[in-house]
Amino acid sequence: MTGTKLLMAFPVTATSHMLADYRARGGYRALEKALTQMSPQEVTQEVIASGLQGRGGAAFPVGRKWAVVKLDDGQPHHLCCNADEGEPGTFKDRWILEHAPHLLLESMLIASYAIGVRHSFVYIRGEFDLPYRRLAEAVEEAYAAGYFGERILGTDFACDVFVYRGAGSYVCGEASGLITSIEGKRGYPRNRPPRLTVHGLYQRPTVVNNVETLANIAGIISQGAEAFRKVGTKTSPGTRLISISGHINRPGVYEVELGYPFAKFIREDCGGVLGGRALKAIIPGGVSTKVLTAADVEPLALDHAVLAEAGSSLGSGGMIVIAEGTCMVRLLQVILRFYHHESCGQCTPCRDGMGWLHGIIDRIAAGRGVPEDIERMQAISRANDGTTICGMGDAAGYATVAILDKFRDEFDYFIAHKRSRFDGHLEVAGHA
Amino acid sequence: MPELFINGRPVRAEKNQTVMQAAVANGFAIPYFCWHPQLSVAGNCRMCVVEVEDEKNGNWTDIACNMPVSEGMRVLTDSPGVAAHRKAMLQLTLLNHPVDCGICDKAGECTLQDYHYRYNGSPSVSREAKVRTTKLYPLSERIVLDNERCILCSRCVRFTSEISGSHALGIEQRGDHSLVRAAEDGRFGSDPYSDNVVDLCPVGALLSRPFLHKARVWYLKWTPSVCPGCERGCTVKLWHRKPEWKLAALDPRQNLSIARVTPLENPAVNGPWICNKGRDLARIFERPRAEQAMLNGAPVDLPAAIAAARRLIGEAKRPVALLSSWGSNEELAAFKDALAGRFASFVKQDCRPEPGEPTEDHLLIRPDKNPNAAGARRLFGDAVASFQEGTDLVLVWGEGFDFDRLPTGAKVIFLDAYLRPENARADVFLPLSIQTERSGHYTNFQGVVSAFDACFPKPPSVADAESLFAALAARAEVRA
Amino acid sequence: MKHLIPEFETLKARLPAGFESSLVLPCLRRIQEERGYVADGDIDGLVEYLGVPRIQIEEVLSFYTQLRRKPIGRWHLQVCRNVSCSMRGAEPILDHLARRLGVAPGQTTPDGRFTLSTVECLGSCGTAPVVMVNDAYHESVSRSELDALIERLP
Chain Y
1 MTGTKLLMAF PVTATSHMLA DYRARGGYRA LEKALTQMSP QEVTQEVIAS GLQGRGGAAF
61 PVGRKWAVVK LDDGQPHHLC CNADEGEPGT FKDRWILEHA PHLLLESMLI ASYAIGVRHS
121 FVYIRGEFDL PYRRLAEAVE EAYAAGYFGE RILGTDFACD VFVYRGAGSY VCGEASGLIT
181 SIEGKRGYPR NRPPRLTVHG LYQRPTVVNN VETLANIAGI ISQGAEAFRK VGTKTSPGTR
241 LISISGHINR PGVYEVELGY PFAKFIREDC GGVLGGRALK AIIPGGVSTK VLTAADVEPL
301 ALDHAVLAEA GSSLGSGGMI VIAEGTCMVR LLQVILRFYH HESCGQCTPC RDGMGWLHGI
361 IDRIAAGRGV PEDIERMQAI SRANDGTTIC GMGDAAGYAT VAILDKFRDE FDYFIAHKRS
421 RFDGHLEVAG HA
Chain S
433 MPELFINGRP VRAEKNQTVM QAAVANGFAI PYFCWHPQLS VAGNCRMCVV EVEDEKNGNW
493 TDIACNMPVS EGMRVLTDSP GVAAHRKAML QLTLLNHPVD CGICDKAGEC TLQDYHYRYN
553 GSPSVSREAK VRTTKLYPLS ERIVLDNERC ILCSRCVRFT SEISGSHALG IEQRGDHSLV
613 RAAEDGRFGS DPYSDNVVDL CPVGALLSRP FLHKARVWYL KWTPSVCPGC ERGCTVKLWH
673 RKPEWKLAAL DPRQNLSIAR VTPLENPAVN GPWICNKGRD LARIFERPRA EQAMLNGAPV
733 DLPAAIAAAR RLIGEAKRPV ALLSSWGSNE ELAAFKDALA GRFASFVKQD CRPEPGEPTE
793 DHLLIRPDKN PNAAGARRLF GDAVASFQEG TDLVLVWGEG FDFDRLPTGA KVIFLDAYLR
853 PENARADVFL PLSIQTERSG HYTNFQGVVS AFDACFPKPP SVADAESLFA ALAARAEVRA
Chain E
913 MKHLIPEFET LKARLPAGFE SSLVLPCLRR IQEERGYVAD GDIDGLVEYL GVPRIQIEEV
973 LSFYTQLRRK PIGRWHLQVC RNVSCSMRGA EPILDHLARR LGVAPGQTTP DGRFTLSTVE
1033 CLGSCGTAPV VMVNDAYHES VSRSELDALI ERLP
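Chains as they are written, first to last, in our numbering: chain Y, 1 to 432; chain S, 433 to 912; chain E, 913 to 1066.
Looking at chain Y on its own, in the form it has when it is part of the complex (with noise of 0.2 Å):
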């Protein structure tokens, strides 16, 4: 049992996902409360007394974020739900998606009311069709039992949401890229200043919030800041979705209470490194973060100042497993390749330090490294460390940093031996 559980509190039925359902589980009774006895501003003001960080990878404290917006500015405002859920090891989006879509709706809906926002959208990754679908149906039931359109709930509280389809770009999950895509572009994202919240979608003040961070919302306002601080730590508050996949005996979503021991998870919930092998390490938060070795991870805690500490992050929740005897060239190797693919391009330390480092981990992966190739994917990763238009480019320098700091013995290994000094494939023997 990992803890508390807020979010995945209900079991998983053919049924539970529709409107009925959820009703019956106490559903929309928080926007209820929110539009019948809160204005705006307590909504607000509830959310930032929760403490709740955003799950999409930055934790970024919510509240804040929607106190930037002025809800008198006389501008339309737009609230975009970022499941775009592109980060490599990522899949507890997709949990909410098909099986709560109605708590994101009315979470949605809450915070739409809270800062103002007339027409809200969810940008979700054009991959994913069932949960589209899932999503798409609760919409219409939401609609048609009157949680949208004009005079919700018989108030003077309006709200309509769009769900719009991506197309195969990673990027688009990143807040700016998402919204110059919902603009019908090319997912280019955007220079700050300006903040999005004060200028986003076609210019308007835009709240981008991850889905599971809106999915707790409606819990926020139904059971008070109070309550959710009570679950979690000090620092962060409430649960977390962890999605884990890789070299695990159990993979999947899991809801975690901040503060779990991060090895009983691994060894005990998840039934252990498959194959019964030692643990090597782990990319706790999706491959933006900084991998953690097996003695790294020995006396963490889930949490976000833990993991901070530990000079890595819980991130987008996407935990990786790797096991003893896995080659780490090759894990980076398959890595680089990803960011290479999905740079934007926008911005030259990314758009050609990417091609960079893919080349030259290639070029190792083939057995025709050289040892200075070390210190130059050590540079370019430096070159991308705070210099590019998106975090993107600093992302895939940490994870470059990351890998070649903790198994650096690897990498001169396959350099001057011009192979792995494992079996040089990814998977476990006899479990792929």
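Everything labelled a hint here was simulated from the structure, so no lab data went into it. No false leads were slipped in.
Simulated crosslink set (BS3-like; lysine-lysine; CA at most 25 Å straight-line):
| hint | chain 1 | residue 1 | chain 2 | residue 2 |
| --- | --- | --- | --- | --- |
| 1 | S | 447 | Y | 70 |
| 2 | Y | 418 | S | 562 |
| 3 | Y | 280 | Y | 418 |
| 4 | Y | 406 | Y | 264 |
| 5 | E | 914 | E | 982 |
| 6 | S | 768 | S | 890 |
Could you slot chains S and E onto chain Y? The hints should help.
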């Protein structure tokens, strides 16, 4: 008006300026590829990074082109951190660059070359093969694109969407396989401002096809001039061979021709742009010249022709003058002084729009296709030319007059620069110099006066209209 | 694509005024759903209907991996090659499919039935390896399952 410090020097900025704008306005050099004062901020080249001092949280760096100024901020444009960053950015920019300067027209005026020597200077540190892609890709009939040289600064794309409004260029694909491309309906070819992207391109990716491989830029010098294509009177640079680079092997006329035309930046008139008609001025100026004075088609020397003209002027009872709207202010003033008392003078439209030529738009192009109609009308009014009963002499100065409209029996004195069948129909034909052979001024439709200088010597047998008018007036008797 | 305009009008009605440009992606997806790809004539029609610059549509078509301007095989076998899938056997799956179908990734079988592609993370890492066949995820997929699929699909 916030005050900030750049390299320790206090600088007053406007409230909504960026550090880049404040720096440029105050003479600080921050390198950049993608920034341009007339285009939106793209912030993609990452060259203009500066360091901002912050004692409390530690110095931070960011691009200057998107950095709002703030009161008291202390900016460093050349710190060691900034220098290291610039070097790294150049290494990355040059990573896939073909470095084929030896065959690239941009050599000598290439920002990438200049920055490489100033801020990097080291050979490549990459062992990887360069990304190869399209070279000599025709974006239109006028512009050729080398995607390997392209650094994807997007200036050309922003130009067509923000300035010319053709939305003709974009970037396709993504990552290091991104390619600048033109819309497939060919609209870039009909964008009358397309060639400005050649000036905008900081490297040799976008090149003018007419100019392709014609000359190294260091063989050329430029002379300031005014485009005669319309009454906007954009100021331009006429590029031609420097005297020390004239090639004996070339046809002598190649040494005296316009190699290319680029804008001469002018905030009052055209900013940093010109239209494509202005690029093709060689086509206009270098038409076959009339160099021989004639009497009814029979060649004579210039003094004889002038004498004959003077006689005609003296004898005429009702002379009419049709004046060139290509004439410079100086030439027009000379006519006014010398001969206006003698002639009923009207300003003539030398050039009309060609079929298909854009007449007017939101940017530069104006409907009157003559450079000095305004200057001419200021001196001679805007009455439309008419031949009253009894007109017996018509002095036609400049092209564009239909000789079939001449009143029957009238004599014609025709002054012009170019070879035409009409030249032989005139009773007196006097060959003139052209704009590139003298200096002068035009007044544009807004009243702005701009100067042009001579770049070439005039053929010895032609006359400057200015001195010709004085000569024609000498001993011209005024009849009551 | 003109017959799709009534559908597009319904979509447009659900968006605020001034959001015509946003219709580019949904319209292209719908056009591709029907035709299998987006044809040049579709681009012309969409430009006319939406009033956006043609270059915007050309850029979008080339930027997003799911949009295409050329037809592909009836069944698009998209093999995820990202980290978790590679750790659970994506490479052997890809090799197997390539050998079985006789095509390299990026190619279509001569009979036009199958196109083989590699893709990045599909958001299904817990059930790796994953192959997306047209719109459907085939999760925890085995070689034998894929063989059966190839036999079964028309």
